[in-house]
Amino acid sequence: MSARVYLVDDHRLFLAGVRAELSEEFTIVGSGYDVDTAIEEIRGFDPDVVLVDVHMPDGGGIAVVEGVLGTNPDVKFLALSVSDQAEDVIAMIRAGARGYVTKTIEPADLANAVRRIHAGDAVFSPRLAGFVLDAFAGAMPAEVDPELDQLTAREKDVLRLIARGFAYKQVARKLNISIKTVETHVSSVLRKLQLSNRHELARWASKRRIV
Amino acid sequence: MAGGLADTLGVSDAFVRAAFITLSTVWGLGLLVYLGLWLMELDRIEDRVVEPVLPHQAYGLAIGFAGLMLLLGSVGWWPSNALVLTVGALAFGTAALTDRNMPGPLAALVDPSVDRPGRLRMLIGVGLLIGGLAVFSANVGPIYEIGPVLLAVALTGVGILVAFGPWVTRLARDLGTERRERIRQEERAEMAAHLHDSVLQTLALIQRSDDPLRMSMLARHQESELRDWLYGNLPLDGVDLLSTALKDAAKRIEADHQVPIDVVVVGDHTLDDSTRALLGAASEAMVNAAKHSGAERVSLYFEADDDELVVYVTDQGKGFDSGEVAGDRQGISRSIKARVQRAGGVAAVDSQLGEGTEVTLRLPVVAS
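Taken in order, these protein sequences are the chains called V and H. Reminder that position 27 of the first sequence reads as 194 in my numbering, one-by-one numbering, no gaps. Reminder that position 238 of the second sequence reads as 1278 in my numbering, one-by-one numbering, no gaps.
One chain only, chain V, in its complex shape (with noise of 0.2 Å):
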């Protein structure tokens, strides 16, 4: 069954572009151009996916999120924005996306952001895969929680082939190894991501205006 999509952005020709690539695919539940009717029309339609954008009137992308997973919990965002400033990024991932595209993605690309989100998986863009890697690079602090707190090697390695523009399944062949192990270990990355304590995360994404 193809994936019930929900759709919030306050630009309403974005929009209306967005629904005409992803309307042939997916089943466009509905779309909301203001935070408050977008949290109450995505609790009462309950969609599988939420295309969310960041920069909104009233709190923005995050306040949707933080807004609708405190009562369904299931609904996955994927984040949509014209912004690539870490700040915003890492914000979003924090909030509780499971994956951050920017608008300038091509549409086929896009598509296959839901399919994948929809599928449980988190979609790390090139830019978003070097955003992790430069936030949990660096000197560990000393109180430090390795399971929470620091990449894998192999996380490493498949967020490197990500940032290099390989697709999961181009990573996949390259470390010999599965798309889903590839998967298991972007997801794995996400959750550090969302659930880390690591102090430097906030601060350097701060620090660290646009990449």
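Among the hints, a few may not be true.
With a straight-line cut-off of 16 Å between C-alpha atoms, the simulated EDC-like cross-links for lysine to aspartate or glutamate are [to be verified]: (1) V:K270 - V:D177; (2) V:K270 - H:D1390; (3) H:K1291 - H:D1268; (4) V:K341 - V:D316; (5) V:K323 - V:E350; (6) V:K270 - H:E1263; (7) H:K1331 - H:D1308; (8) H:K1287 - H:D1346; (9) V:K270 - V:E188; (10) V:K323 - H:D1345; (11) H:K1358 - H:E1336; (12) V:K341 - H:D1296; (13) V:K341 - H:D1390; (14) H:K1287 - H:D1308; (15) H:K1287 - H:E1265; (16) H:K1291 - H:E1265; (17) V:K336 - H:E1395; (18) V:K347 - V:D316.
Please keep in mind that the hints were generated in silico from the structure rather than gathered at the bench. This one's a predicted model, so the numbers in the text were calculated from it and none came from an experiment.
Dock chain H against the given chain V, drawing on the hints supplied.
Then chain H, alone, in the frame of chain V:
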């Protein structure tokens, strides 16, 4: 009415009013002139471009007015020194203090940003007011009555303060708001100018273009330019960074060859002779990929840690068989290798037919 004449003369209407009031003490002469001008409907002319008056012109007008008064006095058209001097001083003093082009008197007192002429004008205004009151009191009675006179002056002052205090503070506040508004407008004008030079031009180009590839390249170029302008690339003061240089190079090559280049950077390093060699080699690799690979986009990944700098230039284009390709492609790959090797690093070109090409450049970090 006074505004119309003020515009014609190019001086502040507050002073024109003061002049009329002073002139009116001479048997209502000012009032007559005012009425005459009003009948000529001088104030109807409003769309005139008013050129700001030069200081010496203003002095000239002031001297001319004083001369006119002296002339009136010498031909006997003169009520009394006390009346003309008192009213004149009070009128011009008030004008100096309430001139619309000036910050309010209270604002001038507390606002350090008020320029020196502004302060000077305020002092003159206060001086004229006090002088006017002094002339008035000197003509009213002998010196022993100075007490009641001072009391009267003080009462008048308090009265004025009570009556006009709120107005004066509001004026000061309005001026503050006005100044903020002006700053905002200047910022808006600057932004409009920038958007006009960049974004609007690009949008116009896009509308005139019927080639989708060119449109998307124009949009992409504009996007990155706008991003730089909005968020700034924040280079460290006086230090050139390798990441910034790589991004600039990618932007340039992207524009030259109409192929998007995605740049991802992890860590950074300053730009020196050996990293400049890395930059040069990376640029050549990007040009190579953009020109020959046929790929829709090229990726550049740069990672710096404490020991090593690594650059990958990756494309998913047609690739080549390194054994068979001759000519400039091999030449370029050789020159890339030679450059990096001279700087103490290594370069590898990995390509397979139909699989794309990846150039890897590694440079050890030398502790400086």
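We went through each hint and held it up to the structure:
1. V:K270 - V:D177: holds (13 Å)
2. V:K270 - H:D1390: violated (32 Å)
3. H:K1291 - H:D1268: Holds: H:K1291 and H:D1268 sit about 12 Å apart, inside 16 Å.
4. V:K341 - V:D316: With a Cα-Cα distance of about 26 Å, the restraint between V:K341 and V:D316 is violated, given a limit of 16 Å.
5. V:K323 - V:E350: Holds: V:K323 and V:E350 sit about 13 Å apart, inside 16 Å.
6. V:K270 - H:E1263: holds (11 Å)
7. H:K1331 - H:D1308: Since the Cα atoms of H:K1331 and H:D1308 sit roughly 28 Å apart, the hinted pair is violated (cutoff 16 Å).
8. H:K1287 - H:D1346: Judged against 16 Å, a Cα distance of about 21 Å means the pair is violated.
9. V:K270 - V:E188: Judged against 16 Å, a Cα distance of about 13 Å means the pair holds.
10. V:K323 - H:D1345: holds (13 Å)
11. H:K1358 - H:E1336: Holds, at roughly 11 Å.
12. V:K341 - H:D1296: violated (32 Å)
13. V:K341 - H:D1390: Distance ~13 Å between V:K341 and H:D1390 Cα, so the pair holds.
14. H:K1287 - H:D1308: Within the cut-off at roughly 12 Å; holds.
15. H:K1287 - H:E1265: holds (12 Å)
16. H:K1291 - H:E1265: Judged against 16 Å, a Cα distance of about 9 Å means the pair holds.
17. V:K336 - H:E1395: This hinted pair holds, its Cα atoms lying about 13 Å apart.
18. V:K347 - V:D316: violated (23 Å)
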